[in-house]
Amino acid sequence: MEKVKVAIIGPGNIGSDLMYKVMRSRNLEMSCMVGIVESEGIKRAKRLGFETTTKGIETILDRDDIKIVFDATGAKAHKMHAPLLKAAGKVAIDMTPAAVGPYVVPCVNLESLSDEMNLNMVTCGGQATVPIAYAINRVADSEYTEIISCISSKSAGPGTRANIDEFTETTAKALETVGGADKGKAIIILNPAEPPLMMTNTIHSIVKNPDKKAITGSVNKMVKEIQKYVPGYKLRTPPIMDGNKVTVIVEVEGAGDFLPKYSGNLDIINSAAIEAAEKIAEERFLQGGNRHEK
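Note that my numbering has the sequence shown beginning at 40, numbered continuously upward.
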């Protein structure tokens, strides 16, 4: 079966988990793991038989066989990588909060971004909460949405910790631009509990049309859509109404491909990225031909 070759920049936890997800993909083929030092992630990719490089992004820019590149580095690095990948004609799946390209939440707006060359996967909290914010807004018209993402401290690596400010800013903007809220706010909590707890997300919305039946139906429908690519996503507390205030709580259990199952925060953004790449591969390169080939 024909597949589309991809590369991953950044062999850390996110990049390594992406690699395992690509390995079981229906449309994607793991081609190269890109780093700048001989890290454990690079060694892991080598052991699995994949091509690796420690010479950075330059190694893959002239590779015509690689069509899609996941950038799992950091916001600052992606801002440098983005124009290089675009000039090379490669579709960039941005795992950082850099937001060079439009925010993508697959179950909400992927279809409207079919020709974009740089897709930003928002944040882990964004992937978990923006769909619910959107589900509430489409039937109740949200004036304000605030989300609180609580993740295990153990699942927050150096990249996550270095980008806390970008996390809150990017997630808040996505609640507005993708989720549809007039105003959005995001809070992240790193929970040090032992044993580590699953990722939990609380969504609070103030709405103009507080119809509980419509909101509940819309949220339930959205949860089923997310579960198609994140099976461990579940509704922990269905919509609770207090006048025009709506509260929903969702939990995310990871698939355990590379990371522990409590790392649902990393799993959901990676699963969303794979879902986006799967559809891009199918529509642009496997069915529609190489519309964006260099």
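Treat the hints loosely; a few may be bogus.
Said to hold, decoys possible - Below, a list of computed lysine-lysine pairs in the BS3-like style, where the Cα atoms sit at most 25 Å apart: (1) K252 x K284; (2) K82 x K300; (3) K300 x K247; (4) K115 x K247; (5) K222 x K267; (6) K85 x K42; (7) K267 x K252; (8) K222 x K193; (9) K193 x K252; (10) K115 x K125; (11) K42 x K118; (12) K115 x K212; (13) K318 x K284; (14) K273 x K251; (15) K224 x K318; (16) K260 x K247; (17) K247 x K267; (18) K273 x K224; (19) K300 x K193; (20) K42 x K193; (21) K125 x K318; (22) K125 x K94; (23) K260 x K318; (24) K284 x K260; (25) K115 x K42; (26) K251 x K263; (27) K284 x K300; (28) K318 x K252; (29) K193 x K82; (30) K247 x K284; (31) K44 x K260; (32) K300 x K251; (33) K267 x K284; (34) K118 x K94; (35) K300 x K252; (36) K224 x K284; (37) K212 x K273; (38) K44 x K94; (39) K263 x K318; (40) K263 x K284.
Worth flagging that the hints you see were computed from the coordinates, not collected in a lab.
Is K115 close enough to K42, meaning Cα to Cα at most 25 Å?
31 Å, violated
What's the verdict on K44 and K94, does the C-alpha distance respect the 25 Å limit or exceed it? 19 Å, holds
Practice task
Please work out if K42 and K193 have their alpha carbons no farther apart than 25 Å.
Solution key: 35 Å, violated
key: Satisfaction of hint between K94 and K118, Cα-Cα up to 25 Å   = 18 Å, holds
Hinted pair, alpha-carbon criterion (25 Å max): K193, K82. Please report holds or violated. 22 Å, holds
If you draw a straight line from the CA of K115 to the CA of K125, is it 25 Å or shorter? Roughly 17 Å separates the two Cα atoms, so the pair holds.
- [ ] Quickly compare the C-alpha distance for K224 and K284 to 25 Å and report which way the hint goes.
- [x] Status holds; Cα separation ~15 Å.
- Between K222 and K193, is the straight-line Cα distance small enough, at 25 Å or below? 31 Å, violated
Take a quick look at whether K300 and K247 sit within 25 Å of each other, Cα to Cα.
37 Å, violated
Review point. Between K252 and K284, does the CA-CA distance stay at or below 25 Å?
Key: 14 Å, holds
Keeping to a limit of 25 Å between CA atoms, is the pair of K263 and K284 held or broken?
23 Å, holds
Inset, instruction - Given the hint that K222 pairs with K267, test it: the Cα-Cα distance must not exceed 25 Å. - result: Measuring from Cα to Cα gives roughly 29 Å; hence the hint is violated.
Consistency note: the structure conflicts with the earlier hints numbered 3, 4, 5, 8, 9, 11, 13, 15, 17, 20, 25, 27, 28, 31, 32, 33 and 35.
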